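Here is how the chains run, residue by residue.
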Amino acid sequence: MTKDKFYNLILKFYLFFIFVFIFTPIAFSIIFSFNSQRFPTIPLGNFSIEWYIKIFNDAEIWQAAINSVVVSSITCLIATFLGFCTAYSDYRYRFKFKGIYLALVLLPPTIPLIILALAMLAWLSKIGMSGQLWSIICAHSVLTAPFAMAIIRLRLNQMDPDLEAASWNLGGSEWDTMRNVILPYCRPAIISSLCLTAAVSFDEFAISWFVSGLNKTVPVIILEIVQGNIDPQVNAIGTFVFFTSITLVITAQIFFLTWQMKGKK
Amino acid sequence: MTYPLVSFKNVTKNFGKMNAVTNLNFEIDKGEFLAIMGPSGCGKTTTLRMLAGLENPSSGEIRFNNRLMNNVKPHERDTPLVWQSLALFPFLNVQENVEFGLKMRGVSSKTRQKKSLEWLEKLEVRELAKRDISTLSGGQKQRVALARSLVMEPEILLLDEPLSALDAHLVIRMQAVLTQLQKELGITFVYVTHSQSEAFAMANRVIIMNVGEISQIGKPKDIYRSPANQFVAEFVGRNNILSGKVYDIKSKIAFIKTNSGNYNFEIIDKNIELGHTLNYIISADLMNFSLVKPKNSNIVNCKLISEEYIGSMVTLFLESVDGTEFKIQMQEREYSKLNIQNGEKYWLSWSKKNVHTLKKD
Amino acid sequence: MGGFNTALFFDMKSNRETINLYSLTFRVPIIFWQLLFFVGPVLFMVAMSFFLVKNYRMTEAFEFINWTKMFSKNYFWDSYWFTLIIAFISTLLTMVIAFPASFTLAFRVSENFRRWAIFLLIIPFFTSYLVRTFSWYVILAEKGVINALLSYINLGPFIMLNTHIGTLVGYMTLTLPLVIILQTVTMANIDKNLIEAAFNLGCKPYLIIQRVIIPLSKTGFIIAAVFCFILSFGDFVAPFYLGGSQEPTLPILILDTTKSGQQWPRAAVVAIVMMVTLFAIAFIGIMTAYSKSFKNDKR
Chain P
-3 MTKDKFYNLI LKFYLFFIFV FIFTPIAFSI IFSFNSQRFP TIPLGNFSIE
47 WYIKIFNDAE IWQAAINSVV VSSITCLIAT FLGFCTAYSD YRYRFKFKGI
97 YLALVLLPPT IPLIILALAM LAWLSKIGMS GQLWSIICAH SVLTAPFAMA
147 IIRLRLNQMD PDLEAASWNL GGSEWDTMRN VILPYCRPAI ISSLCLTAAV
197 SFDEFAISWF VSGLNKTVPV IILEIVQGNI DPQVNAIGTF VFFTSITLVI
247 TAQIFFLTWQ MKGKK
Chain Z
7 MTYPLVSFKN VTKNFGKMNA VTNLNFEIDK GEFLAIMGPS GCGKTTTLRM
57 LAGLENPSSG EIRFNNRLMN NVKPHERDTP LVWQSLALFP FLNVQENVEF
107 GLKMRGVSSK TRQKKSLEWL EKLEVRELAK RDISTLSGGQ KQRVALARSL
157 VMEPEILLLD EPLSALDAHL VIRMQAVLTQ LQKELGITFV YVTHSQSEAF
207 AMANRVIIMN VGEISQIGKP KDIYRSPANQ FVAEFVGRNN ILSGKVYDIK
257 SKIAFIKTNS GNYNFEIIDK NIELGHTLNY IISADLMNFS LVKPKNSNIV
307 NCKLISEEYI GSMVTLFLES VDGTEFKIQM QEREYSKLNI QNGEKYWLSW
357 SKKNVHTLKK D
Chain C
35 MGGFNTALFF DMKSNRETIN LYSLTFRVPI IFWQLLFFVG PVLFMVAMSF
85 FLVKNYRMTE AFEFINWTKM FSKNYFWDSY WFTLIIAFIS TLLTMVIAFP
135 ASFTLAFRVS ENFRRWAIFL LIIPFFTSYL VRTFSWYVIL AEKGVINALL
185 SYINLGPFIM LNTHIGTLVG YMTLTLPLVI ILQTVTMANI DKNLIEAAFN
235 LGCKPYLIIQ RVIIPLSKTG FIIAAVFCFI LSFGDFVAPF YLGGSQEPTL
285 PILILDTTKS GQQWPRAAVV AIVMMVTLFA IAFIGIMTAY SKSFKNDKR
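Protein chains in written order, with our numbering: chain P, -3 to 261; chain Z, 7 to 367; chain C, 35 to 333.
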């Protein structure tokens, strides 16, 4: 018994250590963003918001932030729309080549970003679409639609299969039913999906870097700064990026978990 | 000319290679309470879904008031269905659920409110109007589901095993509610179930289905007393089914030889001839039980194997010398007076008038 | 899940095969979208690997020169094997390091705790990998946090940046949360009674892990490993910033050939080789995952 308790203690300590490893970079990025040192280390220098003032006065960063917001908010709308359509098609219908159809939608995230980035760059310049914000948006929606599809499909899985037919039976056409039954039922999943796809798009750097041209997003700016010298500005920008994506991911999870609980009732 | 409310003519439904129902022919009259009954996979739910337009027949015609309905979409019909799963919309409250159909029909919000409350009132759940669906009990959900369908004021209401999820005591109560409603409103009810007690307790007419075909249509009593074939005889009630060959006929009385003995029965307008092989059926509740050998002509000596109580009734399972199983049903009160024991031998007997026979092919 | 009527159970619903405006509205948009922005780019990349580059300009052609040039270069093969080996080591290491943590989460904590832990582990997976990598850069540096801490006990400084350790730490930043989630979920789904039974039969703890837990979670583990491999194999940030890129991995090769050399066709060759390798590994992984679990079922 005591031996078991001893093992338990060691395992929990190990688990704690792993969590420290995972969250250390996030924590230090935030801590260093308020640190006056040029090369941050321990012991810490003075508290300073110097880096924040620096990025606040940087027009290029402002422009990148605006670009990022535009890209991720349009991406999340397109990806969630596409993901919803696919999830519903998969839930409701059987058709020829459905396997291929689903593979077509779900495959992109399994391909390394650098390869997608190269392919996108070449293709978009071929069709004359490279170097614009739209190029990033199109590429990101392909990358993130599978996440939207997965979340919404999970929700549809929980739906009583008779619910849709019940609405037809009460006089609702298929379109009425979509509007009055399927969409309201999927609402929490749709909100989850919007947040999560926005977060992925907001953080994505490889494709953005390749296809953005002069319209840089925040991760591209970070990439470029990092390629130069050590610059604690990155920590300040990074802190903003973290808070944005963490907020989005947590919002997504809260909606996701809430309906998971409700589904169990 | 008057037409039946619903008519099925040679209706067949295939799902790919699988035959769900074959060649259905029947009519449903205005105001009747029809039960469709059968084991699972017999096609009863498919039949109901075709009535609601959720499936289209592969061949044959379905008519409502003589109007051909084959390709009329579900939402263009007026055939509300009470679902086995109830299928209440979890994101709407009770009243919004009831209003749903009216909203789809474009009824104004004022009328919707009035009517939905009226029907909730009729089903005695008006006080739940603003409640969330997930907070309701099984019986309350049942009533809300009924209100949601009935608020459409249809000519016909379809019910798909609506009571299967309820506790036994609630089932009895809801049966009473349903029968009462049906009488009051004069609406046609089509009730699909696998439960014989539900069907026989409520319906005016019962359709028994087996592997996609109709086995028998008739009043509950007719089906119970004169099953049309062996399937119905086995599916319905506690029947003793013996099989044997007619070896003698004397003045409207036929004599039959079975494994467990020789018995007789009255011939009632049936073509029974010497040498016919028959199913010889006696309902368990028409059997007599005695401790001593009765003077009757149809008797068998059996060993008591086990007993089963259902409410105030008890069913005894016995076995004759040759191993044939017999069942007898009696009042528990009577049974306890007899003071009988498992493994002991007793006598069963029955009147030649209470025998039902089916010709075997 | 309520409401499974027989009609659905036998999948007897003819409205599942209807083709009308409504069904096509939901089915068709993504087909066009994916053809235009996924299949198109990938196929074009394959085609591009046969194009020629003259005077820094790409011209459409069908020549094998990019393939023969790349395949005859030693640095390509060095890079290929290096990437394969380091991604493999990263996978093995991540799986091993994750296991005790996943084991604890699956068996030694309450369900509530596990839910919160997974909630937390999802967060880094969706937050900027780039910033986290940069943070590691500062932490691992010669005068960074770790060496500063070690100097208090008169150790170090250890060189961790621009070594394989740096690369592996970077990979793990990316893969560890995902692998722990997948392992935990797999093990948490094992029937606890089986483990209890093995324990009551006098099975030693390490034998339970070896004979019961690992065989039962083989499918989930292999899928976790495949994901881990794909992520490590395709990542350019960790080897570039933390590994120092003296030994370039394939992603870095793509980066260099595209960004500096204008040699898109040769980058395409590398990309295609990577994709083929990944598909082969994913395929083998998934085949073994399912065949093995099938055998276990039969036993």
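Calculated directly from the structure, the hints in this document are not laboratory data. Only a predicted model underlies this, so the values are computations on that prediction, with no experimental measurement involved. Each residue gets a CB set at the ideal place from its N, CA and C atoms; glycine is no exception. Careful, some of the hints might be misleading.
[Said to hold, decoys possible] Listed below are the simulated DSSO-like cross-link pairs for lysine-lysine, each with C-alpha atoms no more than 27 Å apart in a straight line:
1) Z/Lys23 to C/Lys293
2) P/Lys122 to C/Lys252
3) Z/Lys116 to Z/Lys136
4) Z/Lys128 to Z/Lys109
5) P/Lys92 to C/Lys226
6) Z/Lys79 to P/Lys92
7) C/Lys238 to P/Lys(-1)
8) C/Lys293 to P/Lys94
9) Z/Lys147 to C/Lys47
10) C/Lys177 to P/Lys50
11) P/Lys94 to Z/Lys23
12) C/Lys226 to P/Lys(-1)
13) C/Lys47 to P/Lys1
14) P/Lys92 to Z/Lys23
15) C/Lys226 to P/Lys8
16) Z/Lys79 to C/Lys47
17) P/Lys122 to C/Lys177
18) Z/Lys136 to Z/Lys258
19) C/Lys293 to P/Lys1
20) Z/Lys263 to Z/Lys136
21) Z/Lys189 to Z/Lys251
22) Z/Lys365 to Z/Lys256
23) Z/Lys309 to Z/Lys333
24) C/Lys177 to P/Lys8
25) C/Lys88 to P/Lys122
26) Z/Lys15 to C/Lys177
27) Z/Lys79 to P/Lys94
28) C/Lys47 to P/Lys8
[Said to hold, decoys possible] Not close to chain Z: a few residues of chain P, all C-beta gaps over 10 Å, as computed:
29) Thr(-2)
30) Leu40
31) Asp86
32) Ile123
33) Arg149
34) Asp156
35) Leu159
36) Ala162
37) Trp164
38) Leu166
39) Val177
40) Pro180
Against the structure, the hints:
1. Z/Lys23 to C/Lys293: violated (59 Å)
2. P/Lys122 to C/Lys252: violated (45 Å)
3. Z/Lys116 to Z/Lys136: Roughly 16 Å between the alpha carbons, so the hint for Z/Lys116 and Z/Lys136 holds.
4. Z/Lys128 to Z/Lys109: With a Cα-Cα distance of about 20 Å, the restraint between Z/Lys128 and Z/Lys109 holds, given a limit of 27 Å.
5. P/Lys92 to C/Lys226: Violated, at roughly 41 Å.
6. Z/Lys79 to P/Lys92: holds (24 Å)
7. C/Lys238 to P/Lys(-1): It holds: about 13 Å lies between the C-alpha atoms, which stays within 27 Å.
8. C/Lys293 to P/Lys94: It is violated: about 38 Å lies between the C-alpha atoms, which goes past 27 Å.
9. Z/Lys147 to C/Lys47: holds (26 Å)
10. C/Lys177 to P/Lys50: Since the Cα atoms of C/Lys177 and P/Lys50 sit roughly 25 Å apart, the hinted pair holds (cutoff 27 Å).
11. P/Lys94 to Z/Lys23: holds (21 Å)
12. C/Lys226 to P/Lys(-1): Given pair C/Lys226, P/Lys(-1) holds - Cα atoms ~21 Å apart, limit 27 Å.
13. C/Lys47 to P/Lys1: violated (55 Å)
14. P/Lys92 to Z/Lys23: At roughly 17 Å apart (the allowed maximum being 27 Å), Z/Lys23 and P/Lys92 satisfy the hint.
15. C/Lys226 to P/Lys8: holds (20 Å)
16. Z/Lys79 to C/Lys47: holds (14 Å)
17. P/Lys122 to C/Lys177: violated (47 Å)
18. Z/Lys136 to Z/Lys258: Violated: Z/Lys136 and Z/Lys258 sit about 68 Å apart, past 27 Å.
19. C/Lys293 to P/Lys1: violated (56 Å)
20. Z/Lys263 to Z/Lys136: violated (68 Å)
21. Z/Lys189 to Z/Lys251: violated (47 Å)
22. Z/Lys365 to Z/Lys256: Judged against 27 Å, a Cα distance of about 19 Å means the pair holds.
23. Z/Lys309 to Z/Lys333: Status holds; Cα separation ~11 Å.
24. C/Lys177 to P/Lys8: Violated, because 31 Å separates the two Cα atoms, which is more than 27 Å.
25. C/Lys88 to P/Lys122: holds (17 Å)
26. Z/Lys15 to C/Lys177: With Cα atoms ~89 Å apart, Z/Lys15 and C/Lys177 exceed 27 Å; violated.
27. Z/Lys79 to P/Lys94: holds (26 Å)
28. C/Lys47 to P/Lys8: Answer violated: C/Lys47 to P/Lys8 is near 51 Å, above 27 Å.
29. Thr(-2): holds (46 Å)
30. Leu40: Since the minimum Cβ distance to chain Z is about 51 Å, P/Leu40 lies beyond 10 Å and the statement holds.
31. Asp86: Non-interface label stands for P/Asp86: nearest chain Z Cβ at 20 Å, farther than 10 Å.
32. Ile123: The assertion about P/Ile123 holds, with a minimum of 42 Å to chain Z.
33. Arg149: P/Arg149 is indeed farther than 10 Å from all Cβ atoms of chain Z, at 18 Å.
34. Asp156: Since the minimum Cβ distance to chain Z is about 5 Å, P/Asp156 lies within 10 Å and the statement is violated.
35. Leu159: violated (5 Å)
36. Ala162: Per Cβ check, P/Ala162 is inside 10 Å of chain Z; nearest 4 Å; violated.
37. Trp164: At about 4 Å from chain Z, P/Trp164 fails to clear the 10 Å cut-off, so the statement is violated.
38. Leu166: violated (3 Å)
39. Val177: Since the minimum Cβ distance to chain Z is about 6 Å, P/Val177 lies within 10 Å and the statement is violated.
40. Pro180: violated (5 Å)
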